[in-house]
Amino acid sequence: MLLTDISPLLSATTAGESYSDFVRSYLTVAIFGLLALGMVALLLGVGSIIRPNRPQPGKYLTYESGVDPVGEAWPQTQVRYYIFALLFVIFDVEAVFIFPWATRLDSETALVDSSGNVFEILGPYGSYGLVKMLLFIAVLALGLVYAWRKKVLRWM
Amino acid sequence: MSELIFAIELAYWQQTLIKVLVAAVLIPTTALILGIVFLFKMMSWMQSRMGPQEAGPRGLLQLAADGLKFLQKEDIIPDRADRFVFKAAPVVVLASTFLTYVILPAGPDLIIENLPTGIFFAMAVSSLSVVGVLMAGWSSSNKYALMGGLRAGGQLIAYELPLILAVMGVVIQAGSLSMQDIVWAQADGSMFGFGGLGLPFVITQIVAFFIFMVAIQAELTQPPFDMPVAESEVVGGFHVEYTGFRFLFFFLGEFATAFAFAAIAATLFLGGWWVPGIDPNSALANIVGPIALFVKIMVVAFLIFWFRFTYPRFREDQLQRFAWKYLIPLALANITITGILVVVL
Chain A
0 MLLTDISPLL SATTAGESYS DFVRSYLTVA IFGLLALGMV ALLLGVGSII RPNRPQPGKY
60 LTYESGVDPV GEAWPQTQVR YYIFALLFVI FDVEAVFIFP WATRLDSETA LVDSSGNVFE
120 ILGPYGSYGL VKMLLFIAVL ALGLVYAWRK KVLRWM
Chain B
46 MSELIFAIEL AYWQQTLIKV LVAAVLIPTT ALILGIVFLF KMMSWMQSRM GPQEAGPRGL
106 LQLAADGLKF LQKEDIIPDR ADRFVFKAAP VVVLASTFLT YVILPAGPDL IIENLPTGIF
166 FAMAVSSLSV VGVLMAGWSS SNKYALMGGL RAGGQLIAYE LPLILAVMGV VIQAGSLSMQ
226 DIVWAQADGS MFGFGGLGLP FVITQIVAFF IFMVAIQAEL TQPPFDMPVA ESEVVGGFHV
286 EYTGFRFLFF FLGEFATAFA FAAIAATLFL GGWWVPGIDP NSALANIVGP IALFVKIMVV
346 AFLIFWFRFT YPRFREDQLQ RFAWKYLIPL ALANITITGI LVVVL
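In the order they appear, the protein sequences are chains A and B. The numbers in this note's numbering rise by one with no breaks, and the one at position 137 of the first sequence is 136. The numbers in this note's numbering rise by one with no breaks, and the one at position 170 of the second sequence is 215.
It is worth saying that the hints were derived from the structure and are not from the lab. Among these hints, one or two may not hold up.
Stated by the list, open to error - Okay, derived cross-link-like pairs now, DSSO-like style, lysine-lysine, Cα gap no bigger than 27 Å in a straight line: (1) B:LYS132 with B:LYS114; (2) A:LYS58 with B:LYS132; (3) B:LYS370 with A:LYS150; (4) B:LYS86 with B:LYS118; (5) B:LYS86 with B:LYS114; (6) B:LYS370 with A:LYS131; (7) B:LYS370 with A:LYS149; (8) A:LYS58 with B:LYS370; (9) A:LYS58 with B:LYS86; (10) B:LYS132 with B:LYS118.
Stated by the list, open to error - Chain B stretches covered by chain A per the calculated footprint, using a threshold of three residues with CB under 8 Å from any CB of chain A: (11) 55 to 66; (12) 113 to 122.
Quick reminder that beta carbons are idealized off the backbone N, C-alpha and C, glycines included.
So that you can see chain A by itself, here it is in the shape it has in the complex (with noise of 0.2 Å):
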């Protein structure tokens, strides 16, 4: 894709916003995370106006199906997917690495200073990029491969 066919969005996001507009951006993302605060709270404070409050020792037991509570709160438990767990960091770090290779790979990215003028226009990575990539994912691929003739991708 050219940088004249998405120019309208870019004339909307990236290039005409200043460097205070990203930050500011993210105090809406701040502001919405506490909304959550605010809802839970306020619907809390109503609550406890109108629901009764009669404190019985029964009530605060752990339930348990009806039968009194049998040893520990936290029991030791096996985490049988832990394997799966160790696989996973390796693949979400490899993510993190595709997702600004994938925004590039066929499209330009403009660079913008702190006011918001275009001052580089980055080509697109075409096949030298893909070729990297795709050896990248080859290798992480091989692991996985490797992963499951060792048998651990089952549950265990």
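Please arrange chain B on chain A, whose structure you already have, making use of the hints.
Chain B only, in chain A's frame:
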């Protein structure tokens, strides 16, 4: 952004206040819509029963009535629970839901914040809800809850990757992470030289769409991937000790997130707010956009709930195997083929 809608210049705090108020009303409403239309009406219709009939016309106010009922329930925190984490868990789940809505575009100017990292941000914050679920499972000091929380963690590990890798094909084609840019790329696209219908990425990325739908089903712990909340195995899983409105926050988070994920799928694959024939630069797109997006969301949500009501629950090991042996290799192959085709063609 919003000055275009109101034709007046608003200060940052005024814009933000409007956005927060709209979101605070809109997000619970989305959960209500999905709950009523699909969970109550469609499910009872598919199971040949009446469904709720009493509250409001045709039982449409049933969920609102349920919410009022939950508001009157006694607030119980078990003695053995870790009180702070127990109270914080629903906040984390809700925060994850609200943050996902930040980047959802409903029109050329109707977006809370058009972050340049758009879809990447959405993937990051949506997986935050599993942290809340693990917190709930651990802090309840209940064996069922702990097991449910751990299952939710395992589910994230298995299906976060196919989800992210499926998105990658769309990002390669759109050349941007921003949700608005992805919509624009579909509006600007053409099929065999014919540009009138644009190019919804579901056509070129049908494999990614399939992977994405399966992965969001698992991320949302909808059946057939509902092992973390399986009532016959772990009696509700991580929220077994939650009562009243604290319980309802999990419900709200789950259904509002389902709506958000349906919106992401509609935006990535079905063209989002864009409708063929309407100039995306015109003011009309701001009016038609939300309606078009809503229709597309309901189509995607219908698919999600159709699977939910049709398939029996998987086993935990089947879930891991399906993700690692089928979906992830398929998603990697999809990225490779998309990359090659995009460069060669």
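Structure versus earlier hints, numbers of those that do not hold, lowest first: Those not satisfied are hints 8, 9.
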